[in-house]
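Asks: Protein sequences, first through last, are from chains B and F. With the numbering used here, you'll find the first sequence wraps up at 300, consecutive numbering, no jumps. With the numbering used here, you'll find the second sequence wraps up at 555, consecutive numbering, no jumps.
Hints listed in this document are in silico derivations from the structure and should not be mistaken for laboratory results. Mixed in with the good hints, there may be bad ones.
[Claimed, not checked] Label-pair ranges, simulated between beta-carbon atoms:
#1 B:N231 to F:K317: 28 to 34 angstroms
#2 B:E112 to F:N344: 45 to 51 angstroms
#3 B:K201 to F:Q306: 29 to 35 angstroms
#4 F:K303 to B:A8: 44 to 50 angstroms
#5 B:E247 to F:E554: 41 to 47 angstroms
#6 B:G207 to F:A316: 49 to 55 angstroms
#7 F:T313 to B:D30: 35 to 41 angstroms
#8 B:K201 to F:A380: 31 to 37 angstroms
[Unchecked claim] Taking lysine-lysine and the BS3-like style, the derived pairs with C-alpha atoms no more than 30 angstroms apart in a straight line are:
#9 B:K102 to F:K495
#10 F:K406 to B:K209
#11 B:K278 to F:K302
#12 F:K364 to B:K196
By construction, the Cβ of each residue, glycine as well, lies at the ideal position given by its N, Cα and C atoms.
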Amino acid sequence: MNTKVTIAGVTFQNPIMTASGTFGSGMEYDEFVDLNQLGAVITKGVANVPWVGNPTPRVAETYGGMLNAIGLQNPGMEVFIQRDLEFLKQYDTKVIVNVCGKTVEEYLEVVERLSDEAVDMLEINVSCPNVKEGAIAFGQKADCLYDITSQIKKISKKPIIMKLSPNVTDITEMAKAAEAAGSDALSLINTLTGMKIDIHKRAFALGNKTGGLSGPAIKPIAVCMVYQVANAVKIPIIGMGGIANGEDAVEFLLAGATAVCVGAMNFVNPYATIETKKGLEEYMVRYGIEDVNELIGAVK
Amino acid sequence: MKKKEQALILEQTMLAKDIYSIWFQTDMASEVVPGQFICVYPNNDSTLLPRPISVCEVDAANQKLRIVYRIAGAGTREFAAYNTGDYLWILGPLGNGFPLEEASGKRAMLIGGGIGIPPMVETAKQLTGETIVVAGYRDELFLDRELSANGSFYAATDSGAHGTKGTVMDAIANNHLQADIIFACGPMPMLVAIKEYAAKHQIKAYLSLEERMACGVGACLGCVCKTKEVDHHSHVHNARICTEGPVFEATEVEI
Chain B
1 MNTKVTIAGV TFQNPIMTAS GTFGSGMEYD EFVDLNQLGA VITKGVANVP
51 WVGNPTPRVA ETYGGMLNAI GLQNPGMEVF IQRDLEFLKQ YDTKVIVNVC
101 GKTVEEYLEV VERLSDEAVD MLEINVSCPN VKEGAIAFGQ KADCLYDITS
151 QIKKISKKPI IMKLSPNVTD ITEMAKAAEA AGSDALSLIN TLTGMKIDIH
201 KRAFALGNKT GGLSGPAIKP IAVCMVYQVA NAVKIPIIGM GGIANGEDAV
251 EFLLAGATAV CVGAMNFVNP YATIETKKGL EEYMVRYGIE DVNELIGAVK
Chain F
301 MKKKEQALIL EQTMLAKDIY SIWFQTDMAS EVVPGQFICV YPNNDSTLLP
351 RPISVCEVDA ANQKLRIVYR IAGAGTREFA AYNTGDYLWI LGPLGNGFPL
401 EEASGKRAML IGGGIGIPPM VETAKQLTGE TIVVAGYRDE LFLDRELSAN
451 GSFYAATDSG AHGTKGTVMD AIANNHLQAD IIFACGPMPM LVAIKEYAAK
501 HQIKAYLSLE ERMACGVGAC LGCVCKTKEV DHHSHVHNAR ICTEGPVFEA
551 TEVEI
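Please work from the sequences and hints to get the whole structure.
Replies: So this is what it looks like as C-alpha cells:
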C-alpha cells in the first residue's frame with residue numbers, strides 16, 4: 001500500500017499533517033504521538049520578532065467547534081530556529097513552517113531567514129482573522145495576494161504554500177491569484193470569522209470580540225471550498241477544517257486535497273493525528289486502494 | 301507522563317447546590333500532586349473542549365482521584381448525570397502543583413474561594429506543619445469536614461449563613477489570622493486581594509489561576525496570563541496557565 005504523496009517536489013510519507021497553531025512545533029504532543037508517523041508538522045505561525053498576541057479569553061466553545069483569537073503569539077524567528085527547528089530535526093518527518101507578518105517586508109524577512117534552515121516548505125499565513133494590522137488583507141484581495149505571493153516567491157528558496165481564508169466572496173479567485181503569482185501549493189481553509197456573546201455577563205466571550213471558528217462544525221464548508229479550488233487551479237491543495245478521523249481525511253482527499261491537516265481536534269484528542277493516519281490506512285484496506293493518490297480528487 | 305484515558309467512576313455525590321464530587325479509578329493517582337488539574341471531556345460531540353478541573357483529593361494506595369466541580373454549563377451538567385460504573389474521559393496530570401516544600405517549618409494559610417476550594421483539601425492533607433484554611437462560599441458549605449480535619453478551618457459566606465459574613469479577606473481580618481506563606485485558588489477578585497495582602501504583609505503567596513483553555517498541554521496558547529518578566533517559553537510577557545501554571549508566585553504574575 002502506498003501512502004506517499006508529493007507536493008512541489010517534496011515527498012511526504014503520508015498525507016496527514018498538523019494544522020498550524022494547533023500543534024505548536026510538536027513538542028507538546030511528543031508524549032502522545034510518535035512524530036515520525038506524521039506526513040509533516042506544520043508549525044505555529046512565526047514572525048520576525050516575538051508577538052504578544054491578543055487579550056484573554058482567547059478561546060470559546062461553540063456548537064461542535066470552537067472560536068479562537070490567540071493573535072499569533074509567537075517567540076519570533078530566532079528563538080524558533082534555535083529551539084523549535086532543533087527539536088524537529090530529531091524526527092523523520094517533513095517540516096512546514098507557517099510564516100506570519102504585518103507588512104510584506106516582515107513576511108520577506110522571515111522567508112529569507114528560513115531559506116537555509118532545515119525546513120521543507122513554507123506556509124504563508126495571509127488569512128489569520130485575528131490580527132488586525134494587515135495580515136488578512138493580503139488574503140482577502142486578489143491583487144494584494146498576487147503581489148505578496150510573487151514577492152515571496154522571488155526570494156524564497158523553499159517551495160511555498162499560500163494559506164487561504166474562507167472569509168471571501170469567491171475563494172477560487174484567491175486561489176487563482178496565488179497560482180498565477182507562482183505559489184507552489186495552497187492550503188485551505190483557515191478559520192471562519194465568528195463571534196460569541198456571553199448572555200450572562202452581557203459581554204463578548206473573546207477578549208478580541210471576534211475569533212476564528214474551527215472544528216467539526218466547519219467541515220462541510222471546508223470540503224466544499226477544497227472541491228471548488230481543486231477545480232479552479234492545477235497546483236496541489238492541503239485541505240483542512242474539522243478533520244477528526246480517517247473518514248474525514250478521505251473526504252478531503254476525494255474532494256481534491258493532496259494532503260490534509262488535523263487542527264482543532266488535536267485539542268480534543270491528542271492522539272487525533274495518528275488515529276487519522278490509521279483510519280485512512282484502514283479505509284484503503286477496506287476498499288482495496290493500493291495508492292492513496294487514487295483517492296485525490298476522485299469525486300468529480 | 302500525561303495521557304488521555306477513560307476512568308471508571310466509583311462514586312458521585314452532590315455536596316451542595318450545583319456542587320458535585322466524583323471519585324474515579326486511575327493510575328494517575330500515583331503521580332498527581334496537590335494543585336495539579338485534569339481535563340475532563342464531555343461525551344456529547346457538540347461540546348468538544350475539555351473542562352479543566354483541579355484535583356481535590358488523592359488516594360494513591362487505591363489508585364483513586366477525586367474532583368469536586370460546579371455545574372457551570374452543558375459539559376459539567378453532563379458530568380453531574382454520570383453514575384457509578386460510568387466512565388469519565390480525562391487527560392492528565394496537568395500543570396504544576398503548589399510548592400509544598402516552601403511551607404516547610406512555616407505557618408501555611410490555604411485560601412479557597414468557591415470552586416477554588418477543592419484543591420485545598422489535598423494541599424491541607426499533605427502539609428505537615430501548622431495549617432490554617434480559609435474558605436469563601438456563597439451560602440452553603442462543602443468540603444468543610446475534610447478541611448477541618450486537616451487544619452484550623454475558617455469560613456466566610458456571602459450570605460452570612462456560616463462563619464464571617466463577607467469575603468475570605470474579611471474572615472482573615474475578623475479572626476486575626478496570620479501566616480508565613482499563602483496558597484490560594486479562587487475567583488480573580490479574591491486572588492487580586494490576596495496578592496495585595498501578601499505584598500503588604502511581606503508574605504510569599506502562591507496563586508492558582510484559571511483561564512479558558514483548549515488543549516490543556518501548552519500548544520494552543522489560549523490560557524495565558526500576563527507575567528512581570530519575559531516568560532522563558534513564550535519570550536513575551538505571557539505564561540501558559542496550563543503548563544507554566546496553574547500555580548504562580550503572586551509577584552510573578554500581573555493580575
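Asks: Does each hint hold? Answer for all of them.
Replies: For each hint, the structure was consulted:
1. The supplied range of 28 to 34 angstroms is broken by N231 of chain B and K317 of chain F, whose beta-carbon atoms lie about 57 angstroms from each other.
2. Under the hint 45 to 51 angstroms, the C-beta atoms of E112 of chain B and N344 of chain F, about 48 angstroms apart, fit the expected range.
3. Checking the proposed 29 to 35 angstroms range against K201 of chain B and Q306 of chain F shows it holds: the Cβ atoms sit about 34 angstroms from each other.
4. Checked against the hint of 44 to 50 angstroms, the C-beta distance between K303 of chain F and A8 of chain B comes to roughly 37 angstroms, which is inconsistent with it.
5. For E247 of chain B and E554 of chain F, the Cβ-Cβ distance of about 45 angstroms falls inside the hinted range of 41 to 47 angstroms, so the restraint holds.
6. A beta carbon spacing of about 32 angstroms between G207 of chain B and A316 of chain F contradicts the range 49 to 55 angstroms that was offered as a hint.
7. Between T313 of chain F and D30 of chain B, the C-beta spacing of about 38 angstroms keeps the proposed range 35 to 41 angstroms intact.
8. For the hinted restraint 31 to 37 angstroms between K201 of chain B and A380 of chain F, the CB-CB distance of approximately 22 angstroms leaves it violated.
9. Among the hinted pairs, K102 of chain B with K495 of chain F is inconsistent with the structure: their alpha-carbon atoms are about 37 angstroms apart, more than 30 angstroms.
10. About 45 angstroms separates the Cα atoms of K406 of chain F and K209 of chain B, which puts this hinted pair outside 30 angstroms; it is violated.
11. Distance hint between K278 of chain B and K302 of chain F is fulfilled; the C-alpha atoms sit about 22 angstroms from each other, no more than 30 angstroms.
12. Simply put, K364 of chain F and K196 of chain B have alpha-carbon atoms about 37 angstroms apart, too far for the 30 angstroms limit, and the pair is violated.
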